[in-house]
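Participant: Keeping their order, the protein sequence lines are chains A and B.
So in this note's numbering, the last spot in the first sequence is 696, and the numbers never skip.
So in this note's numbering, the last spot in the second sequence is 696, and the numbers never skip.
Hints listed in this document are in silico derivations from the structure and should not be mistaken for laboratory results.
If chains are identical, the list can't say which one is meant, so a pair holds when it fits in one copy or spans any two.
Below 30 Å or equal to it, Euclidean Cα-Cα: the simulated DSS-like pairs (lysine-lysine) are:
1. K610 to K422
2. K250 to K328
3. K328 to K422
4. K422 to K356
There are 2 protein chains.
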Amino acid sequence: MPSYTAPTKDMQFILHDVLRITEAGIAGYADLDRDFTAAILEEAGKISTELLAPLNPVGDREGCRLENGIVYTPTGFKDAFEQMKENGWPAIDMPEEYGGQGMPYIMNTAVGEMFSAANQAFTMYQGLTHGAASAILAHGTDAQKQTWLPKMVSCEWTGTMNLTEPHCGTDLGLMRTRAEPQGDGSYRITGQKIFISAGEHDMAENIVHLVLARIPGGPEGIKGVSLFIVPKFLVNEDGSLGARNGVSCGKIEEKMGIHGNATCVMNYDAAEGYLLGEAHKGMRAMFTMMNEARLGVGMQGLAQAEIAFQNALAYAKDRLQGRDITGARNPEGPADPLIVHPDIRRNLMEQKSFTEGARAFLFWGATLIDRAHREGDAEADGLVSLLTPVIKGFLTDKGFDMTVQAQQVYGGHGYIEEWGMSQYARDARIAMIYEGANGVQALDLVGRKLAQDGGRHVMAFFEHVKTFSKENAGTEGMAEFLEPLKRASKDLQGAAMYFMQEGMKNPNAALAGSYDFMHLFGHVCLGLMWARMARASLAALASGTADPAFHQTKLATARFYMARQLPMTATHLARIQSGAEPVMALEAANF
Amino acid sequence: MPSYTAPTKDMQFILHDVLRITEAGIAGYADLDRDFTAAILEEAGKISTELLAPLNPVGDREGCRLENGIVYTPTGFKDAFEQMKENGWPAIDMPEEYGGQGMPYIMNTAVGEMFSAANQAFTMYQGLTHGAASAILAHGTDAQKQTWLPKMVSCEWTGTMNLTEPHCGTDLGLMRTRAEPQGDGSYRITGQKIFISAGEHDMAENIVHLVLARIPGGPEGIKGVSLFIVPKFLVNEDGSLGARNGVSCGKIEEKMGIHGNATCVMNYDAAEGYLLGEAHKGMRAMFTMMNEARLGVGMQGLAQAEIAFQNALAYAKDRLQGRDITGARNPEGPADPLIVHPDIRRNLMEQKSFTEGARAFLFWGATLIDRAHREGDAEADGLVSLLTPVIKGFLTDKGFDMTVQAQQVYGGHGYIEEWGMSQYARDARIAMIYEGANGVQALDLVGRKLAQDGGRHVMAFFEHVKTFSKENAGTEGMAEFLEPLKRASKDLQGAAMYFMQEGMKNPNAALAGSYDFMHLFGHVCLGLMWARMARASLAALASGTADPAFHQTKLATARFYMARQLPMTATHLARIQSGAEPVMALEAANF
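One chain only, chain A, in its complex shape (with noise of 0.2 Å):
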């Protein structure tokens, strides 16, 4: 019943009239002219549409299912995903030497939101495939690529992340995994890892763990951990397929949503292992991928807002119930649509511009990663890397409300799993907690990123609000969208500069601060893009647009954002210059 249109439309504009990427001066954005986003957007969002969003349900019901040690997935999704694989999606900004595409990953962030919002729970076999390949494709020896990226590449294995164990989840530290070295270059690998998304299906020949384990002798806690390339099936020097390895999945996990996906207890039992990188610098490797990982999971919650919103704005059109207060607007009929309640839309725009903005960050925030990338460029590398905890943070915090807003418009049919709705939510309510649970993207945020590099990426972050402001402080219409933007500029301003006084004093007056700061800072994020967009759309109609509607629309959706969701950022800073007293004034016992 739920059903799923790409926002190809809104997409184009955020590529095209906001970040005007053709411009960018990025290596391969030039080639990102509108004819060509616009092809490869609408053939992924008739993928999305016609093929994931079916399976969406039929995933959840289904959930996967462990017997014998095979598990399998729900009806259909191994067909959906030979046919990714067969029109090359999973890999899109894969190098071509190995078989990818070479696009930026801007492109891969645009086509990822749709195959999300069709389907979380299969698009993140792809996803994690593409975070293990990525991680070798930065660590690993040229053997190591020409043995596993190729075939990664193209999914015919598919990877996964290995991390948790049963008492440690952050605190990697703690980690008992152990990798005995051999003498002959590879490892054994012991041990029990949890939460594995993906780690066993019957959807590849092969699948490629990457294990963070311990290798005897190295240093204690998180400075001796090593990362070790653990295949199902070892691999042939002709690259066919060998013995099967000592690892298996011992358990599938019952969850609260993304039934599709195995999330599997790992058992390695000396499995054989290849060393990934250096010994004893596992995390490094680990965090070079973090920040591509983490703007994959604020994605989703953007993905799963997105796909909730255009259901509960189709079901406010059309479910009759109660009438307009200032005059019936389907006298003919029995009663009104919901949307013409003031309350109904108050739900719908914040649902819209939540979106809207996020999508506008998100993008913002892959351009980042590919100026990093492609062009070497530091600076965007730290403000990627400030930003990136209040993308994950941020947008699957707001994005998991907005999918229970969404749910709330259904009344009573929001509940009842057959119309859809709580599955978006139950789906959207993972990634607050995996790849980092939200309170330690705030932490990450507040405790390490602000500082950085004696804090110039969030002095750029600044003064990047504030030439923009400057630039366009003498445009015709900008000055309802740039006088908010300060104001919560300067509520975000006002925190840091309380963390930096009270922090040197009390570390726990700003981690007390911690969770409001991310939010005031994404706040203060959307806001920017919403000024950003309304410049957009404001040159759009002076320049005499063919769509002015689509261009007011955004002007009246900015404004909301302003006047509805960016007084927020007041009681964020009100929160955090309480300090850390009334959060920390207890003793545990007395709680």
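Knowing the structure of chain A, use the given hints to seat chain B on it.
Facilitator: Coordinates of chain B only, in the frame set by chain A:
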């Protein structure tokens, strides 16, 4: 794995130190001394912990099943229901003449929170029976009361409420179910009702449905709706059960949560029914129960937040992960417990300050209902009518948020069903929807209650805050609680003033801010409750209490609420004062 401990100590504090119930001058309250309420609460707590809580995950896992028209409840529910009946719990506040215990509603609320926290799906069977019995008590003829009440009070027969139809939920004027008079005083009811909680099940020998239907020839719309008693089995003159009536369960819904409660599609096929109250005045009959029913749903929001908080707190004390940034707290262990981390504390303090504040608010509401019903106090009735949508809307929204936050403390384990945290969130979600979706509560508050009786009730509320502030202005230690309360109350007055001024010109100006107003009001109420609790704890400390830690903890939690939650009122006011335009600007087609 999850557990529940009844918060009897906190309940006793609210009943006796804060609300001082024995001195309240309400009929029946003088009997409610500390020892008496302690005995009741401990007994209810015991049955909640030992009987109901262990069945909660069973109900979630198994759900209900429909076979050949019979609905089977989950394993253990039937036995537990027998025990609840034997102990007289379902009707402790029902009149003694029908087999109840005649206690005030406040006691039903207190034990109801426990039952609901321990097992919401189970407790709904008796909760709905209570609601249906209350309607018969209020509107039935003596003969009807004699026929139905004794069996319903004992829960030998359970009850249901049948309002919703597939095409109409909130807008009951669209209702199609019809009731044909038979000439002998009875009616034949035909139509379909959906979302009927406890509509069919195997735990009672008869089910008494209260059904809204239309008598042909009556007024159009909502004014032509009447309420009927429609039993599953007809009842003979001698009180024995007769023929099966023309009502059956056509389907049970697959839902996001409360799986242990059967949500039924009920088909009425010329079923025999009896008019309850006056013809065409069915809505009035429904509305007299509405305050109580909505308070009961608000209670569910609190209850799920409470059990989720208890388990999150236990996990935060137990799970070792990372180190306190100011120095190790568990130097002998591999890591410190989660609770040392400021953001975990921020999260836990939000939960704690919500649940305790919400409990005080709910209990205060229950005393107002008792004062209205037992003393015929019109002022109390007006005030609780005003506060009811706030209790329902704010407590269920925030209650759900808190279950989500509690789930977050568990990290990845929070998403795994086995750990139990997902169920609290999934179960809590429904309370935002049923008994009037929260947007409808906001509409009721702003569109009806605020201006009711010339705005007298909201003025009474403000007067109440003012009097409390004045009376305690000189109390040492109260200033830090009174100042933020006054500021928040001023924001609420500002919002009410805005609605009065702008709503005259454009009703959308008020309705577009209704949801924010409901939350603004909720924060002020919890702020008031925290100020009242602070005063009670200051008094206890001044008089040399034997438990200073309890009262110091109350003060610290009050400070947290004032510093970290109450500032939210400013943002709600800013949103409200931005008016209708940002919300209503778009044409529906342009969304």
